[in-house]
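Those protein sequence lines, which keep their order, are chains A and B.
Using our numbering, the letters of the first sequence correspond one by one to residues 1 to 315.
Using our numbering, the letters of the second sequence correspond one by one to residues 1001 to 1315.
Everything hinted at is true.
Chain B is faced by these chain A residues, among others (derived, beta-carbon under 8 Å): (1) 76; (2) 189; (3) 260; (4) 266; (5) 272; (6) 298; (7) 299; (8) 312; (9) 314.
Away from chain B, derived, C-beta distances all over 12 Å, residues of chain A: (10) 11; (11) 20; (12) 21; (13) 39; (14) 47; (15) 84; (16) 147; (17) 162; (18) 165; (19) 226; (20) 230; (21) 231.
Treat the hints as calculated values from the structure; they're not laboratory data.
Glycine included, every Cβ here is placed at the ideal spot set by N, Cα and C.
2 protein chains.
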Amino acid sequence: MPKTYAYLGPEGTFTEAALRMLMPDAPAGSLVPCSGVDAVFSAVRGGAVDGGAVPLENSVEGGVTATIAELINGDPLLIGAEVAVPVEFTLFARPGTMLSDVKRVATHSHALAQCRGWLAANLPHADTFTVSSTAAAAQAVSEPGAPYDAAISARLAGERYGLAPLVSGVGDRADAATRFVYLRRPGALPEPTGADRTSLVAFLPDDHAGALVDLLNQFAVRGVNLTRLESRPTGDGLGTYCFCIDADGHVAEARVGEALMGLRRVCREVRFLGSYPRADADTELTPLLPRGGTSNADFLAAEQWLARIRAGAVA
Amino acid sequence: MPKTYAYLGPEGTFTEAALRMLMPDAPAGSLVPCSGVDAVFSAVRGGAVDGGAVPLENSVEGGVTATIAELINGDPLLIGAEVAVPVEFTLFARPGTMLSDVKRVATHSHALAQCRGWLAANLPHADTFTVSSTAAAAQAVSEPGAPYDAAISARLAGERYGLAPLVSGVGDRADAATRFVYLRRPGALPEPTGADRTSLVAFLPDDHAGALVDLLNQFAVRGVNLTRLESRPTGDGLGTYCFCIDADGHVAEARVGEALMGLRRVCREVRFLGSYPRADADTELTPLLPRGGTSNADFLAAEQWLARIRAGAVA
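Same shape as in the complex, but just chain A (with noise of 0.2 Å):
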């Protein structure tokens, strides 16, 4: 049976852009538009398709509340690859219309976020409204009788739903990005690249000061450098939370699994969400050698090194 991925749809969004860059070879007729986040997770978790993309966070607005929310709850998934989308939004509307006859523009609350000021210097007097994703936009505008004059999409959905490109680049930040990955349910790991991702859901012990250093420790001493750290609600009422965790690393290296191991000792629950190649491997953003000390080699010399003076040798 030939494999099938979800992802946010409708058709067009900027995660389907994202599941063919991380699937380039799937078929058409393979990718599953979902209506939301939630129903993407169903679907992998539920066996109806193989994998399937969703957004994590943005470069402008930060994490997605609704992926981090499934990742941390319900039956665990995996990520098994990451993707950085660069988001570029234009403005599309039917053809034939002018730039002067906008009067109504739908998006997604988040891309609106992002063009509020190409609007204002632009189209100061037309109204905006958001829509559950930037391509549903395009698809409303793209239909008989709209309510719409203009949609901000991406490229991929305005040319899905016929519509032609009035602006393009209204994002106020051109280097705007969206970090996508492909979840997958648990089974064998990919193997270590020398440039990976390792993501995990950490969940403190207890309230005591200094917890977090604690925890953070644990990666400190064994020279495991983290890329992201978000603080997330657990939804076991206010004030109670847990650790969204990037780190730099695979898990089967020893730096990252001791630590991981660390962190399982002093930690109530510590969810592993996978280790994956990193999408930024080849840019200069974050060093990637780990620093003295602590390659697979030189944990593999401090055991031998243990065996022996445990075995009262000299050193």
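Assemble chain B onto chain A, guided by the hints.
Using the frame of chain A, we list chain B on its own:
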């Protein structure tokens, strides 16, 4: 061949008293006085004796420089046991001497420092002289034509050299104690007792900011309590230090073993000095129970969890 043990002599020193506490069944003839701490180390290293006792630190004076220098440098020896001996100073003289006759008092420099208050109050006009040990002071006083009228020494020394106690308890601090260690050549370590101490010397990798915090964190994240931390010159010029460390626990315990492996990875060199039963195991000076999440069972559970998540299972 019966076992023999070296100690810092001459006969009657506090070190002899300590060795008798450490080896209560050793016949008198098996104890060999040495003329200095370095001579004790040499006798043990060279195999002339089976082990030896030296003072390591005093609760008033601090670390014993000669002992620490020998532990840091030269062929490594292991500490096999420790004992804390209350330092009770007694003023001894030849029988028939009255306190008012005492004009010249001999003792060791450390003892003199600990009896200054009593001497100033009770023998303000007496001259003081320092010799190589408190026992040597007692021996000197006992000899015909001695240049001193009295010695400050341990009870053992005064009795050994046939002197009469004039005043006991002449130390300024009634609770002063010296910690002695038993030295042995490398070989099988004593089994963990549940209340052990581990000693080592750590040589920092380089002089970067935070290097000592990094070192201390290797212990902290595994819940290993330090009972002593002393910086000492390595001997390689001014400004080059190493750290003499005593930690709670036995190297055979998972938390201690992992901390030592961490130290080994991040330090230029680590010299292991032994794991042995604590002399103060029955006191309440320090908590002996490890912090939550740091027992051998906790480490084993974390190791098993890591194996599961590395295999792609859900925790």
